[in-house]
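**Q** Given next are the chains, with one letter for each unit.
Number of protein chains: 2
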Amino acid sequence: MKESPGVVDLLGVLAYAELSAYARMTEDAAVLAPSLGDRVALSELAVTEYAHFRLLRERLAELGADPAEAMSPFVKALDAWHAQTRPGDWLQALVKTYVGDGIAADFYREAARHLDPSIAKLVDDVLVDEGRSQFAVERVRAGIETEPAAGGRLALWARRLVGEALSQAQQVASARPELALLLVKSVGEGQADISRLFARLTEHHNKRMAAMGL
Amino acid sequence: MKESPGVVDLLGVLAYAELSAYARMTEDAAVLAPSLGDRVALSELAVTEYAHFRLLRERLAELGADPAEAMSPFVKALDAWHAQTRPGDWLQALVKTYVGDGIAADFYREAARHLDPSIAKLVDDVLVDEGRSQFAVERVRAGIETEPAAGGRLALWARRLVGEALSQAQQVASARPELALLLVKSVGEGQADISRLFARLTEHHNKRMAAMGL
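The listed protein sequences correspond, in order, to chains A and B.
Be aware that the first sequence starts at 1, since it is given in the numbering used here, and climbs by one per residue.
Be aware that the second sequence starts at 215, since it is given in the numbering used here, and climbs by one per residue.
It is possible that part of the hints are untrue.
[Claimed, not checked] Not everything, but these chain B residues come out facing chain A in the computed CB check (under 8 angstroms):
(1) S249
(2) E276
(3) G278
(4) A282
(5) M285
[To be verified] From the derived model, a few chain A residues whose C-beta atoms are all more than 12 angstroms from chain B:
(6) A30
(7) A142
(8) H204
(9) M209
[To be verified] Only part of the chain B face toward chain A is listed, based on derived beta-carbon distances under 8 angstroms:
(10) A237
(11) A244
(12) L250
(13) T262
(14) Y264
(15) H328
Because the hints were derived from the structure by calculation, they are not lab data.
Just so it is clear, CB atoms sit at the ideal spot from N, CA and C, and this is done for glycine as well.
So that you can see chain A by itself, here it is in the shape it has in the complex:
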């Protein structure tokens, strides 16, 4: 394989992220949606995540990697993230979908930036938003309008989502140095560049929070 050594790791973690997001969103839709229409709307997004998983699995196979093997180093961390951020209600589920997937997508895109263009494009394609934001943003804004006290509660929830995500990401980075290296390479070696990366991620996160009215 002529690919950078971190590529299989990147596609592996992303594949498992899509596979587990699909399962969790499906469950949240079935258990938490306040109506059949909402249930179907979130299920549509879940099934789209699965379609993205399929693309990643195919590319892993093309690279000569076993998809299950490529995913397995990341199962524990992603499962732990989901277990620690199980939504308690419908609005929490929507915020999780939007904020959680958003910050994860920012990380994956940064890691893919200096890779082979076909890999960077694949990563970009599977992270495409496809109306997920609009759906979550509209419902969450409407929810806060109906019940203004929900705003503060959801802002705290979003902070917890990010905290848990960073804590799991740190563990993955120390266990998979080649994957971590992709991120460092993408920003250059200097401390200033890493600070800029975090500033960029924070800015994107704050934009998402503002969009939801949080």
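Dock chain B against chain A, hints included.
**A** Relative to the frame of chain A, chain B by itself:
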């Protein structure tokens, strides 16, 4: 609408059956699959059920029906069926997928038999097997080979699945007489015809049990 009055009911119950099967199979795959490969294999089947749900939803909309309204009379019975037949392990999940979906499909096909051919074809299309049987049959047979005692336990499980399905079907039939009427029409009015229908359903069920080695 020139359609028979039971058509929206039939497409509605089938749509919710596909939507709930998708959610349950997704959860069983995530929770019970013994490997990532098995998890993906069952998830593929779950996502196929969702694709079938989409076809039914489109047709309901074309008939001028609201899909959520068409599904809602059947939510309680199908949810009760799933709640009472929650698989305890991977082999139970596979038997449920094969036996439960199989007997339900037999009923839906009987009900659609004398409807407008485009409806009958749609029902047939969304009930197409697409390798589900092969997957479940192979894994269950292999499971029994590894652990012969599992056979008796799974045969009892299958009997319970059918018993619960018949009990829920009876409640649906008494609550939705137009849907029940489709089934009666398909076999003619006589008691002998209904006996033949049940003989046919039993025969199909026994074939599925034999295929799994139960």
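**Q** I'd like to know which numbered hints this structure contradicts. Please list them from smallest to largest.
**A** Hint check: 2, 3, 6, 13 and 15 fail, others pass.
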